[in-house]
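Enquirer: Residues per chain are reported as follows:
2 protein chains.
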Amino acid sequence: MKYVGIDVGGTNLKAGLVDESGLLLATTKMKIARIDNQENLAWTMASMIQDLAEATGTGISEIASVGVGVPGAVEIRSGTVLYTCNLPLRNVPLRRLFHRYLPQPLYVENDGNCAAVGEYFTGAGRNSKRFVTVTLGTGIGGGIIHNGRIFHGSNGMAGEVGHMTIVHNGHPCPCGRKGCWEQYASASALKRLTREAMDRNPDSILCQVVAENEGNISGQSAFIAARRGDPVGQEVCRLYIEYLAAGIVNLINIFQPDTLAIGGGVSNEDDAYLLHPLQQQVERESIPCNRDKRTRVVKAQLGNDAGIIGAALLGKKKR
Amino acid sequence: MKYVGIDVGGTNLKAGLVDESGLLLATTKMKIARIDNQENLAWTMASMIQDLAEATGTGISEIASVGVGVPGAVEIRSGTVLYTCNLPLRNVPLRRLFHRYLPQPLYVENDGNCAAVGEYFTGAGRNSKRFVTVTLGTGIGGGIIHNGRIFHGSNGMAGEVGHMTIVHNGHPCPCGRKGCWEQYASASALKRLTREAMDRNPDSILCQVVAENEGNISGQSAFIAARRGDPVGQEVCRLYIEYLAAGIVNLINIFQPDTLAIGGGVSNEDDAYLLHPLQQQVERESIPCNRDKRTRVVKAQLGNDAGIIGAALLGKKKR
Chain H
5 MKYVGIDVGG
15 TNLKAGLVDE
25 SGLLLATTKM
35 KIARIDNQEN
45 LAWTMASMIQ
55 DLAEATGTGI
65 SEIASVGVGV
75 PGAVEIRSGT
85 VLYTCNLPLR
95 NVPLRRLFHR
105 YLPQPLYVEN
115 DGNCAAVGEY
125 FTGAGRNSKR
135 FVTVTLGTGI
145 GGGIIHNGRI
155 FHGSNGMAGE
165 VGHMTIVHNG
175 HPCPCGRKGC
185 WEQYASASAL
195 KRLTREAMDR
205 NPDSILCQVV
215 AENEGNISGQ
225 SAFIAARRGD
235 PVGQEVCRLY
245 IEYLAAGIVN
255 LINIFQPDTL
265 AIGGGVSNED
275 DAYLLHPLQQ
285 QVERESIPCN
295 RDKRTRVVKA
305 QLGNDAGIIG
315 AALLGKKKR
Chain A
5 MKYVGIDVGG
15 TNLKAGLVDE
25 SGLLLATTKM
35 KIARIDNQEN
45 LAWTMASMIQ
55 DLAEATGTGI
65 SEIASVGVGV
75 PGAVEIRSGT
85 VLYTCNLPLR
95 NVPLRRLFHR
105 YLPQPLYVEN
115 DGNCAAVGEY
125 FTGAGRNSKR
135 FVTVTLGTGI
145 GGGIIHNGRI
155 FHGSNGMAGE
165 VGHMTIVHNG
175 HPCPCGRKGC
185 WEQYASASAL
195 KRLTREAMDR
205 NPDSILCQVV
215 AENEGNISGQ
225 SAFIAARRGD
235 PVGQEVCRLY
245 IEYLAAGIVN
255 LINIFQPDTL
265 AIGGGVSNED
275 DAYLLHPLQQ
285 QVERESIPCN
295 RDKRTRVVKA
305 QLGNDAGIIG
315 AALLGKKKR
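Order-wise, the sequence lines are chains H and A.
In terms of the working numbering, the first sequence opens at residue 5 and continues consecutively.
In terms of the working numbering, the second sequence opens at residue 5 and continues consecutively.
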């Protein structure tokens with residue numbers, strides 16, 4: 005049998021077909037902006053599944069189940085999207101709407117949890133029993149796997165690690181709090197830290213790097229400048245890693261997973277500039293314990309596909 | 005059968021005998037300072053158990069098991085104390101030492117976890133499935149119960165919620181980090197906030213309250229002053245509750261328990277001055293979800309006995 009995973013992102017709706025082993029056979033995507041109502045979302049999902057089936061010569065009946073990852077809160081039992089931060093989805097009975105078009109079981113899950121499931125079954129968490137993923141994107145997505153199961157809490161909404169305050173009275177967050185971790189350690193936060201450093205240092209190599217990129221500040225800008233020896237870029241990287249480590253150590257002291265994987269675009273930076281200094285800071289700050297029992301901090305392995313693969317495997321896991 | 009629970013505190017060693025229902029039948033205590041080596045600790049525990057048995061006319065053979073709560077890290081499988089923050093216990097093979105004196109099964113557990121087990125079985129967590137306790141004392145102890153089991157993480161050291169940074173680059177903590185929650189929301193932190201406010205406001209009612217208490221600042225001082233209408237005392241309470249709420253909301257956003265209980269001396273303050281403003285702030289800040297699915301923030305019910313009762317029930321639970 006085969007499985008479809010769908011990732012509902014802030015920009016794109018992406019779908020992929022995977023086999024029993026979690027191998028991605030084909031993908032398709034479209035702009036989420038083209039979907040203007042709930043009904044349309046379910047219909048689009050169904051038509052993307054049909055496209056994937058046709059492209060791979062797969063019969064629709066060979067698709068065992070479909071999983072959807074959503075950037076927000078969901079009700080797992082009914083397959084409903086409760087709300088999302090960056091999309092106009094509120095109380096969408098996605099499973100019910102989807103079943104007007106296709107009969108496959110539909111699982112709806114938080115996207116951070118999907119990424120964790122993907123990494124757990126086929127990526128950085130393969131040999132882990134207590135696994136946490138942290139995905140650095142527009143916000144910070146978290147996923148916690150405890151003895152092979154997603155840690156959902158009492159209401160399905162556990163794992164919102166990005167909305168953990170690490171800076172008392174810090175930057176306001178759309179969630180209503182101040183100083184949330186994702187205001188300091190997401191890819192968006194890294195861009196803000198970069199912009200602030202550029203404003204203070206208009207003659208820096210960092211400003212040159214951004215100018216070479218047509219003036220666009222990216223999550224890579226500071227790391228590129230740092231590699232060129234720019235002290236301004238190096239300071240941005242140092243500060244960013246300090247914030248990133250703060251939240252990761254919080255999670256380790258609370259969960260003590262055997263493995264914690266960081267994913268998202270930022271995690272692709274050179275290990276010498278991101279992973280290694282991060283690991284050193286985490287080791288310095290975590291509650292001491294025997295070296296062989298410390299949490300391993302590693303890179304996620306599935307890249308941007310983790311969410312799709314994990315969403316697809318939601319169904320496989322439950323068979 | 006009956007069960008003995010022992011609480012190894014910073015000041016006292018306390019032991020209690022409980023029945024099958026978790027009811028405390030008798031207690032005894034002694035100064036921990038009188039115990040000058042590891043061997044002595046195990047011997048003292050055994051003799052306290054014999055005292056409890058004699059005092060209640062219980063035969064030693066009627067005691068099914070003994071549980072010990074320790075303020076630090078333990079290795080559950082071997083019954084070893086790995087380290088404690090405020091006591092000179094390092095790598096103490098407590099179970100092995102104890103068995104030189106008594107044959108009962110001995111369970112060694114973190115004291116925050118013991119308090120959580122006590123409240124879960126016989127206190128504020130009786131109807132809970134996903135339960136978190138936060139004990140406000142010298143530090144902040146945490147205990148997480150997930151589907152009836154203590155959440156231990158991969159190495160038995162999970163739940164160190166007091167060592168979650170909430171103030172970036174804040175007060176140094178003995179754990180090596182800065183800005184840990186327990187530096188802002190423990191009973192000790194409340195005393196520090198009180199002292200700082202007194203220094204700034206030497207003519208305040210708060211200073212009178214402390215003078216009336218022979219100059220001793222307690223965790224109650226600011227609350228007493230606040231009830232007398234003192235704006236200085238009220239501001240200390242407001243700030244303390246703000247810090248307390250910050251960590252509690254972090255835990256709710258991460259765990260989404262159905263119930264979160266706060267214990268320790270501070271939690272005995274008037275609801276109007278502590279629990280109710282805390283609940284309001286937590287509700288304002290937590291990730292929104294349906295009202296009937298929100299975490300209930302309540303007071304712990306077993307007071308200082310939670311640790312003893314929970315330690316005793318470690319054995320009962322495992323039979």
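Watch out, some of these pointers could steer you wrong.
Remember, identical chains collapse to one label, so a pair may be satisfied in a single copy or spanning two.
Unchecked claim - Pairs of lysine-lysine, DSS-like flavour, derived with a Cα cap of 27 angstroms:
id: 1; residue 1: K195; residue 2: K35
id: 2; residue 1: K33; residue 2: K195
id: 3; residue 1: K297; residue 2: K6
id: 4; residue 1: K297; residue 2: K182
id: 5; residue 1: K133; residue 2: K182
Hints listed in this document are in silico derivations from the structure and should not be mistaken for laboratory results.
Enquirer: If a hint holds in the structure, say so; if it doesn't, say that too.
Expert: Cross-check of the supplied hints:
{"no.": "1", "hint": "K195 - K35", "verdict": "within (23 angstroms within a copy, 55 angstroms between copies)"}
{"no.": "2", "hint": "K33 - K195", "verdict": "within (26 angstroms within a copy, 57 angstroms between copies)"}
{"no.": "3", "hint": "K297 - K6", "verdict": "neither (37 angstroms within a copy, 35 angstroms between copies)"}
{"no.": "4", "hint": "K297 - K182", "verdict": "between (34 angstroms within a copy, 23 angstroms between copies)"}
{"no.": "5", "hint": "K133 - K182", "verdict": "neither (33 angstroms within a copy, 30 angstroms between copies)"}
Comparing the model with each earlier hint shows violations of hints 3, 5; every other hint is respected.
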